[in-house]
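**Q** Here is how the chains run, residue by residue.
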Amino acid sequence: MSAKETRSGSAAWPGVAWALRRDLRLALRSKAELGVQLLFYAIVVTLFPLGVGAEPSLLRALGPGVLWVAALLASLLSLPRLFAADFADGTLEQIALSPYPLPALISGKILAHWLTSGAPLAAVSPILALQFGLDGSEAVALLAGLLLGTPTLSLLGAIGAALTLGLRAGGALLALLILPLYVPILIFGAGAVGATHAGLAAGGEWSVLGAALLASVVGAPVACAAAIRIALD
Amino acid sequence: MHLTSINWFRYASPVSFFPVAQRLARWFGAAAALLAIVGLWLGLVVAPTDAQQGDAYRIIFIHVPAAWMSMFIYLVMALWCGMSLTLNARLSAMMAQALAPTGALFTVIALWSGALWGRPAWGTYWAWDARMTSELILLFLYFGYMALRHSIDDPHRADRASAVLALVGAINVPIIYFSVKWWNTLHQGATVSLTAAPKMAAIMLTAMLIMTFSVWFYAIAITLTRVRAIILEREKSAAWVGTLVGAE
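Quick mapping for you: the protein sequence lines, in order, are chains B and Y. For the first sequence, our numbering begins at 74 and goes up steadily by one. For the second sequence, our numbering begins at 1149 and goes up steadily by one.
Warning: the hint list may mix true and false statements.
Stated by the list, open to error - Here are the computed lysine to any residue pairs in the SDA-like style, where the Cα-Cα straight-line distance is at most 25 Å: (1) Y:Lys1329 to B:Gly272; (2) Y:Lys1329 to B:Leu249; (3) Y:Lys1384 to Y:Lys1329; (4) Y:Lys1329 to B:Trp279.
What the hints assert, rightly or not - These stretches of chain B come out as covered by chain Y in the derived footprint (C-beta under 8 Å, 3 or more residues): (5) 137–146; (6) 260–266; (7) 296–305.
Simulated from the structure, these hints should not be mistaken for lab results. Cβ atoms here follow ideal geometry from the backbone N, Cα and C, with glycine treated the same way.
Using the sequences and the hints given, assemble the complete structure.
**A** Structure follows, in structure tokens:
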């Protein structure tokens, strides 16, 4: 009965804060891993001009899409970090047994994951945008879109990461499950840069990205908690 | 028998559903074959050649029903998945599992026949039309569902994990459709559109609707047949399966 009482809404915020602090501390202790992810992003982006040629007008047209697709792939690559280590050493089981509500703990973990993967990636994107000759306003549109869109990527991706916990075909399977769900974020994120390039206001795209973020903040932790309980069964 | 005395969950048990599924599968299979004969005869023989598209338009008698079914089956699959999660009924999960390959098959047929029609009509096998693109993504969703199922060995975990995935996918399908539609209208104007088709002759519409029911009944028949195989496979240690296999 007492366990039931502490599972009420009042325990949600301490749960978020606890998981956020813990995961941030763990992530900051392995800084090399964070750097590798950013380098992956930079290298994938760099490969495209080498593949399609260095023609400025072509690169300007391809730039938004390439930067966004690379962000999707970088996000995908970082997803196993969310739960895999905790699942392997049994910590995740203890987390699921704790009196804090599981969706709150997961929200904290996802927030920590975004702060150490999506946020730095968004921060370096204006520099990489220079490689494609995007101008100032387009770089701002890219940065704003990534800041609004990458949290949604982490939230949706967390569901896939939880569903594929401990499975043999982990990485490739995760890509198959999650990338189709990323499609709307890619379309509106790259669309915001494209609209800015065409001299239009990107407010509509940002609104949709914001709406997707709000919807997934509400829905994804609950679905993710269900998936984790299934994996732990 | 009073309506209230019916036990609605009687057929949720694989034991009692197994023989019913066999009978239903036979009837729906026969109806599907009959309707296919009538529908194809009307569509390929009776219906006149289209003034603009020639005989190429006749692909719609396969293409449109397949495309409708591909989306409808995903919806039905998500429904069974929701029931399997909330009611914890084994048979619901088995139904979802049995529906997925048929749904994927119709998605492939819709894409393939669309490409074959697009070549003479649009001059290209593939255009990034909103419907085609979202149909392709639907195919990826089906493949993801089946791949997740196949990579989990424990059937109970496979049931529930794939159910969560199907429900998340079902929420996303309309979002994906509208975002692709928005993306497409921004990039290229409506140079090619399926919605702008000329008004359809009554005979063509009749043939298409008959083919739709044929495809629908085929999907029911094949799903019930597949679910019987799944029941036998998953209940193989149950006593009734032993007596059934021993008796036959």
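**Q** Determine for every hint whether it applies to the structure shown.
**A** The hints, checked one at a time:
For a cut-off of 25 Å, the pair hint linking Y:Lys1329 to B:Gly272 stands: about 21 Å separates their Cα positions. Distance check on the hinted pair: Y:Lys1329 and B:Leu249 sit about 22 Å apart at the alpha-carbon level, within 25 Å; holds. For the given pair, Y:Lys1384 sits about 47 Å from Y:Lys1329 by alpha-carbon distance, which is inconsistent with the 25 Å threshold. A threshold of 25 Å between alpha carbons decides the hint, and for Y:Lys1329 with B:Trp279 the separation of about 17 Å falls inside it, so the pair holds.
For the stretch 137–146 of chain B, the proposed coverage by chain Y is not satisfied: 0 residues have a C-beta within less than 8 Å of a C-beta in that chain, short of the threshold of three. Counting residues of the stretch 260–266 of chain B whose beta carbon lies closer than 8 Å to any beta carbon of chain Y gives 3, which reaches the threshold of three, so the coverage claim holds. Evaluation of the coverage hint for the stretch 296–305 of chain B: fulfilled, as 5 residues show C-beta separations to chain Y shorter than 8 Å, against a requirement of three.
In terms of the numbered hints stated before, the structure departs from hints 3, 5, listed from lowest to highest.
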